[in-house]
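Visitor: The lines below spell out each chain.
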Amino acid sequence: MSVSIDIENVVKRYGDKTIIDGLSLMVSPGEFFTLLGPSGCGKTTLLRMIIGFNTIEGGEIKINGNVINNIPVNKRNMGMVFQNYAIFPHMSVKENVAFGLKNRGLSKQEIEDKIKEILDIVKIDEYKDRMPDKLSGGQQQRVALARAIVIHPQVLLMDEPLSNLDAKLRVEMRNAIKNIQQQVGITTVYVTHDQEEALAVSDRIAVMHEGKIQQIGTPRQVFERPLNVFVSNFIGVSNILEANIETNGGERNINFDNNYIVKMDNLRDDIKDDLKVLVSVRPHEFIISKNEEGIKGIIKGSMFLGLNTHYFVALEDGKEIEVIQNSDLSDIIPNGTRINLEVKPNKINVFDCNSQKTLIQVGEKHEYAS
Amino acid sequence: MNMPAKNKFNIWNILALIILSFFLLFTVYPLFLVLKKSIVDPNTGAFTLSYLTKFFTNKFYWVTLINSFKVTIVVTLLSVALGLPIAYLMRKIKIFGNKIVETLIIISYLSPPFIGAYAWIQLLGRNGVLTKFINSIFKLQFNGIYGFPGIVLVLTLQSFPLVYMYISGALKNLDNSLDEAAESLGYTSLERVFKIIIPLVMPTVLASCILVFMRVIADFGTPMLIGEGFKTMPVLIYNQFMSEVGGDDGFAAALCVIIIALTILLFLIQRFVANHYSYSMTALKPMMPQKEKGIKNIFAHLFVYLTVLLAILPQIVVIYTSFLKNRGGQVFIKGFSLDSYRATLLAKDNSIIPNTYKLGLAAILIIIVLGILISYLTVRKRNSLTSTLDTITMFPFIIPGSVLGIAFLFAFNQKPLLLSGTAIIMIIAFAIRRMPYTIRSSTAIISQISPSIEEAAISLGASETRAFTRVIVPMMMPGVIAGAIMSWVTVISELSSSIILYTNKTQTLTVAIYTEVIRGNYGNAAAYSTVLTLTSIVSLLLFYKLTGKKEIGV
Chain A
0 MSVSIDIENV VKRYGDKTII DGLSLMVSPG EFFTLLGPSG CGKTTLLRMI IGFNTIEGGE
60 IKINGNVINN IPVNKRNMGM VFQNYAIFPH MSVKENVAFG LKNRGLSKQE IEDKIKEILD
120 IVKIDEYKDR MPDKLSGGQQ QRVALARAIV IHPQVLLMDE PLSNLDAKLR VEMRNAIKNI
180 QQQVGITTVY VTHDQEEALA VSDRIAVMHE GKIQQIGTPR QVFERPLNVF VSNFIGVSNI
240 LEANIETNGG ERNINFDNNY IVKMDNLRDD IKDDLKVLVS VRPHEFIISK NEEGIKGIIK
300 GSMFLGLNTH YFVALEDGKE IEVIQNSDLS DIIPNGTRIN LEVKPNKINV FDCNSQKTLI
360 QVGEKHEYAS
Chain B
0 MNMPAKNKFN IWNILALIIL SFFLLFTVYP LFLVLKKSIV DPNTGAFTLS YLTKFFTNKF
60 YWVTLINSFK VTIVVTLLSV ALGLPIAYLM RKIKIFGNKI VETLIIISYL SPPFIGAYAW
120 IQLLGRNGVL TKFINSIFKL QFNGIYGFPG IVLVLTLQSF PLVYMYISGA LKNLDNSLDE
180 AAESLGYTSL ERVFKIIIPL VMPTVLASCI LVFMRVIADF GTPMLIGEGF KTMPVLIYNQ
240 FMSEVGGDDG FAAALCVIII ALTILLFLIQ RFVANHYSYS MTALKPMMPQ KEKGIKNIFA
300 HLFVYLTVLL AILPQIVVIY TSFLKNRGGQ VFIKGFSLDS YRATLLAKDN SIIPNTYKLG
360 LAAILIIIVL GILISYLTVR KRNSLTSTLD TITMFPFIIP GSVLGIAFLF AFNQKPLLLS
420 GTAIIMIIAF AIRRMPYTIR SSTAIISQIS PSIEEAAISL GASETRAFTR VIVPMMMPGV
480 IAGAIMSWVT VISELSSSII LYTNKTQTLT VAIYTEVIRG NYGNAAAYST VLTLTSIVSL
540 LLFYKLTGKK EIGV
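Read top to bottom, the protein sequences are chains A and B.
Quick note: the first sequence, position 161, residue 160 per numbering that gives the first Met the number 0, numbers continuous.
Quick note: the second sequence, position 463, residue 462 per numbering that gives the first Met the number 0, numbers continuous.
In short, the hints are calculated from the structure, not lab data.
Wrong hints could be hidden among the right ones.
What the hints assert, rightly or not - Below are the SDA-like pairs computed for lysine to any residue, each with C-alpha atoms no more than 20 Å apart in a straight line:
id : chain 1 : residue 1 : chain 2 : residue 2
1  : A       : K107      : B       : R469
2  : A       : K101      : B       : I452
3  : A       : K74       : B       : R465
4  : A       : K211      : A       : M90
5  : A       : K115      : A       : N83
6  : B       : K380      : A       : G14
7  : A       : K101      : B       : I471
8  : A       : K101      : B       : S462
9  : A       : K74       : B       : S451
10 : B       : K544      : A       : H89
11 : A       : K101      : B       : P473
12 : B       : K290      : B       : I99
13 : B       : K380      : A       : T54
14 : A       : K133      : B       : I452
15 : B       : K93       : B       : L301
16 : A       : K101      : B       : R469
17 : B       : K380      : B       : S446
18 : A       : K74       : B       : K290
19 : B       : K194      : B       : V204
20 : A       : K101      : B       : M474
21 : B       : K295      : B       : R191
22 : A       : K74       : B       : I452
23 : B       : K91       : B       : T102
24 : B       : K380      : A       : S38
25 : B       : K230      : B       : T262
26 : A       : K133      : B       : S449
27 : A       : K101      : B       : R465
28 : B       : K380      : A       : N73
29 : A       : K211      : A       : F87
30 : A       : K133      : B       : P473
31 : A       : K74       : B       : R469
32 : A       : K133      : B       : T102
Please read all numbers here as calculations on a predicted model, not as lab measurements.
Just need the whole structure built from these sequences, with the hints factored in.
Guide: Spelled out as structure tokens, the structure:
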């Protein structure tokens, strides 16, 4: 009974400023779908268009194929969890959860049962008679979630629900949210600017920037095969290096400045010789080379973080990059050491310098593709 | 919030329109009539400046304006000279009994100034206790503290609490680490006061100065009672309007216009100061009063105690007087009795106290309902309509009471709007005049409620009106009640408009006190004043209890 959400060419304008100009996406029934992007990218605006707090100036939003553009918020039957939880401070936990049930013509017993059920699911049954100011941030978060789910909404919307929690609680709560969402099986749209959080909870992620969708894909897809430089930079850490393409018969190589040449087998067929490209290399996609091959650099600093050791390396052109090595591999390399860096050709991403778009083959089969 | 419903005739706009028409009818229209009467000849209907010219060319008249300025400026300066050091001392040094001292200061602020005037007449008037005492000791012919010094004494003691409360609030938001930072950078205690503390509270000092200025320049009761030959503008206005030989409406209107122009100017200055010279501070670690030793400690205590004693003295005198044995309320004889209460509270058919409560509570009811709606509309439903509402509802704040009273009589003296002489006109005057307190504290609290609270309620299926009544209104209540109590206390001590609007049937406590004083019946006046003071104190305690705060919003 989960529903799908179709967003077709929607437009959002404030006065004569267009925030979102013809955006489309589709969320499948029961999916945990995340809108991810930096602040001001339009993700919250889009979320508030779905629930109806924002008007829609063009295009359509459909639930299971039915246009909902003109249905008032209180008739849309969507649950929303707010960034600041928006718990009613003058009502107890139970009254908060009951609020949405009370004008639905349910019997007292039905209301009681539903409250009991949901408080069990979100694990705050023992606090049901407390006032909100006696709850911790995590507990308030659970109340907000319970209150939104208990009305059996068609869609659950969450607007940066974890941003007010401390780091440890954030991890705990995102697991809880993920579990509860799976348990209830409700179509969910989740907004966040935290890429790690998005990777952790989502079935699919839409990366947004300046009101446009940059990429939609599974967490692995957006992390490992970003479609453009923005996505590559926004999700995880990327070192962007300049290089040139060298074609040699059917072979396509990337030539880094100091003549370190890497053979690639997943670049698009139509690439021309000598094309300027940007190569995105994640810190863990470098190998500190034992031989003379590789990009030359000097270690400027290091940071031991247990499992991994991070190195800050200055390249010959002055650019500083970050390299991560498994701490088990070697002792910490002292500052000032000259090293050569190789890259993992099947991991790195290559973008056209002008269009900033990926040059990796569409539908490229790599071992993790889903 | 941006709702899909684009309908301009939604419930909020309709409410805004209704409230706006209420204010147009009861504020803008009467004031417009005042302006019209001041520049239109009633016989020919032509434009005339004769009323204004009459004022500015006749020394008998324009001197009242000079007098008003003299009084106001001196009182404002003295109020700062008392309020600032007391606020600082109370925050810096542990004053024994500081809680009581603070409460006494607030009580003296809440009581109507003219009661102070009348109490000081009893002490330092022609036949005052202190006057006789001084004259007999020093063999003087001191004739009582009337005129300029009397007005200044009374109004200063009544106004410095306002400066105190404002500055005390600002000092509380001043983080102690600012002072400590300056100390660590090598500044001495006195240098820190002048380089850190005073500059930071300066905007507050200015703001409170302007408020004192506005209150004092509009005050009518004090100069009327203790001013004698020294007339100020509000006294002139009252006399011109109420004159037994047929008041001159046009001239009175012209006087009103002059004083409104002044208060509007002050209000604009105040806005400017508030917008341009305020620092937003919130103290994580406010200044904590420290125990002081030696001469510094003694001096601080003496200064605070003496000032507060002077401020609260009128209340003590009044309560004391109310228990004196007397004949017919005028001649006091030795011993104590409940004569004054017998003659007032317990007198047959005495409707003064029930009147005060009935009219006051009716006004408060209007204030609460409109206050909630106005603050909600102006904060949450911002549009040109509600912005207008926001401005108009602050109007009464700058219109002196006597001017509002006169304007009401101009406007509602004939059918179809014949309201003069009714209880309704009194209630509306109270409501309009004292609503800003409730609006301000309601606005403050609604600004703190996140809009997503309301959105949450709506997303859960509640209609906008249900979200408002079930979620927003209950959440606003603490702020509304706090403001309403302040409105209540000022309603019952209101004199300047009720003295113009009352009839025998709608006499209130303040009017009764005033008329009894004028008649020389000090016993009855004292008994009424005591009732008024007690009501204020009980209201204040209720305020403390409900808000859990030990300070009042001013």
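Visitor: Does each hint hold? Answer for all of them.
Guide: Cross-check of the supplied hints:
no. : hint            : result
1   : K107/A / R469/B : holds, 19 Å
2   : K101/A / I452/B : holds, 17 Å
3   : K74/A / R465/B  : holds, 14 Å
4   : K211/A / M90/A  : violated, 40 Å
5   : K115/A / N83/A  : violated, 24 Å
6   : K380/B / G14/A  : holds, 17 Å
7   : K101/A / I471/B : holds, 17 Å
8   : K101/A / S462/B : holds, 12 Å
9   : K74/A / S451/B  : holds, 17 Å
10  : K544/B / H89/A  : holds, 18 Å
11  : K101/A / P473/B : holds, 17 Å
12  : K290/B / I99/B  : holds, 17 Å
13  : K380/B / T54/A  : holds, 16 Å
14  : K133/A / I452/B : holds, 18 Å
15  : K93/B / L301/B  : holds, 13 Å
16  : K101/A / R469/B : holds, 12 Å
17  : K380/B / S446/B : holds, 12 Å
18  : K74/A / K290/B  : violated, 62 Å
19  : K194/B / V204/B : holds, 15 Å
20  : K101/A / M474/B : holds, 19 Å
21  : K295/B / R191/B : holds, 17 Å
22  : K74/A / I452/B  : holds, 18 Å
23  : K91/B / T102/B  : holds, 18 Å
24  : K380/B / S38/A  : violated, 26 Å
25  : K230/B / T262/B : holds, 19 Å
26  : K133/A / S449/B : holds, 19 Å
27  : K101/A / R465/B : holds, 11 Å
28  : K380/B / N73/A  : holds, 18 Å
29  : K211/A / F87/A  : violated, 35 Å
30  : K133/A / P473/B : holds, 19 Å
31  : K74/A / R469/B  : holds, 18 Å
32  : K133/A / T102/B : violated, 32 Å
In this structure, the earlier hints numbered 4, 5, 18, 24, 29 and 32 are contradicted, and the remaining ones agree with it.
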